[in-house]
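These are the residues of each chain, in order.
There are 2 protein chains.
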Amino acid sequence: MSSITCQISMSLDGFVAGPNQSVENPLGEGGERLHEWVISTASWREQHGLKGGDRTPDSEVVDEVVRDVGAYIMGRKMFGGGEGPWDETWTGWWGENPPFHAPVFVLTHHPRKVLQMQGGTTFTFVTDGIESALEQARAAAGDRNVAIAGGASAVQQYLAAGLLDELYLHIVPVILGSGERLLEGVGHPTLEPVKVVASPAVTHVKYHVVH
Amino acid sequence: MSSITCQISMSLDGFVAGPNQSVENPLGEGGERLHEWVISTASWREQHGLKGGDRTPDSEVVDEVVRDVGAYIMGRKMFGGGEGPWDETWTGWWGENPPFHAPVFVLTHHPRKVLQMQGGTTFTFVTDGIESALEQARAAAGDRNVAIAGGASAVQQYLAAGLLDELYLHIVPVILGSGERLLEGVGHPTLEPVKVVASPAVTHVKYHVVH
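Heads up: the protein sequence lines correspond to chains P and X, in order. Take the first sequence: its position 70, counting from 1, is numbered 70 in the working numbering, and each next residue is one higher. Every number in the working numbering is 211 more than the matching position in the second sequence, counting from 1.
Isolated chain P (complex conformation) (with noise of 0.2 Å):
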């Protein structure tokens, strides 16, 4: 059976944003930091269709979360496009060609048509829940995974209901101070670190939730 995984970057002190988020700078102050060892990577760079990177344990890592992935998920202020109902000219921050190449399934409390994109890529917003949007994300998933795409507070409510079975965390050794804390609201989850990979860059732990 498929598994709901989520993997996501933190520094060090939790945050998986900075200070002073806002529609021009939606990683908050200091949030870039977290994702410059994915950028630099030649996985990264080639889901982008950029060439060049570098090939390294990190750069393994980045193939490896996308691999079993057959459908996403992810919040409202992920997919971006501010707050209240639709603007329709808003279709995401990743432009033509997102890099998910697959269903994607955005939580909203505002309805939208599907929003079909190139490459493999859609955007189905659902209203009606967590539960609903994992229902329709399995479905479309079949025998592969759905992951949990972001932001902090989609990947709260999954982990607080239960329903997220691994959680592989980039432990960024970068010190935000203040943000959007990843691991608050969550309960007390029992986990299980059954895979590290070490690189001077950041350290990547994958937790089991135990059920």
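Possibly wrong hints are sitting among the right ones.
To be verified - Pairs of lysine-lysine residues, derived as DSS-like cross-links and limited to a Cα-Cα distance of at most 25 Å, are as follows:
hint: 1; chain 1: P; residue 1: 195; chain 2: X; residue 2: 417
hint: 2; chain 1: X; residue 1: 288; chain 2: X; residue 2: 262
hint: 3; chain 1: X; residue 1: 288; chain 2: P; residue 2: 206
hint: 4; chain 1: P; residue 1: 195; chain 2: X; residue 2: 406
hint: 5; chain 1: X; residue 1: 406; chain 2: X; residue 2: 417
hint: 6; chain 1: P; residue 1: 206; chain 2: P; residue 2: 195
hint: 7; chain 1: P; residue 1: 77; chain 2: P; residue 2: 113
hint: 8; chain 1: P; residue 1: 206; chain 2: X; residue 2: 406
What the hints assert, rightly or not - Ranges of calculated distance between the beta carbons of each label pair, as one might list FRET restraints:
hint: 9; chain 1: X; residue 1: 396; chain 2: P; residue 2: 36; range: 19 to 29 Å
hint: 10; chain 1: X; residue 1: 294; chain 2: P; residue 2: 67; range: 32 to 42 Å
hint: 11; chain 1: X; residue 1: 364; chain 2: P; residue 2: 55; range: 39 to 49 Å
hint: 12; chain 1: P; residue 1: 49; chain 2: X; residue 2: 398; range: 36 to 46 Å
hint: 13; chain 1: X; residue 1: 214; chain 2: P; residue 2: 187; range: 32 to 42 Å
Simulated from the structure, these hints should not be mistaken for lab results. Note that beta-carbon positions come from the ideal geometry of N, C-alpha and C, so glycine has one too.
Got chain P; can you put chain X on it based on the hints?
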């Protein structure tokens, strides 16, 4: 030259003690879960005059972190005995033969005479600040390292002052939800992961602090 080091167990959500710390429960609610990994090791049991325990990578880490330590510095709360002027009958949590076997410098606002314990541990009470404590600890340690033993406040002060050279975190896969955070109010030090030891119980990551 000797280094200023710190090794400490931290929950995945960044806490080194649980909520509602008290004299009866100095680790706070759930805080004992941060130390289960260490108590099960053969090395920790040997250091405390006990038999048994497991020879695991975790046990080797426990050996490693005491090997080159010539002196310790700890906060008043870690030493215990409540707040305010000293109750002279209080000699720490550790009995007549504490596990340090080295000079220990206790940061406090209240003067007290040196305590000579069994097994080579002395407690010296330092009332004129963290730099004075460090100077005295360095002199006592000679070529060996000075370890900041905890708690959170002592570690934060040395890290924020740019005096810490090495932070060895034992990242325990528990989520405490609240309590005492480690990496708060320490500014934005640059850290480099230089060693990772993985086990089913805990992920050990040693960081160098770049000066």
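Okay, the hints, checked on the actual structure:
1. P/195 / X/417: Judged against 25 Å, a Cα distance of about 17 Å means the pair holds.
2. X/288 / X/262: It is violated: about 29 Å lies between the C-alpha atoms, which goes past 25 Å.
3. X/288 / P/206: Given pair residue 288 of chain X, residue 206 of chain P is violated - Cα atoms ~34 Å apart, limit 25 Å.
4. P/195 / X/406: Holds, at roughly 15 Å.
5. X/406 / X/417: Roughly 5 Å separates the two Cα atoms, so the pair holds.
6. P/206 / P/195: Status holds; Cα separation ~5 Å.
7. P/77 / P/113: holds (18 Å)
8. P/206 / X/406: holds (17 Å)
9. X/396 / P/36: 19 to 29 Å: holds (25 Å)
10. X/294 / P/67: 32 to 42 Å: violated (55 Å)
11. X/364 / P/55: 39 to 49 Å: With a Cβ separation near 43 Å, residue 364 of chain X and residue 55 of chain P satisfy 39 to 49 Å, so the hint holds.
12. P/49 / X/398: 36 to 46 Å: holds (38 Å)
13. X/214 / P/187: 32 to 42 Å: holds (39 Å)
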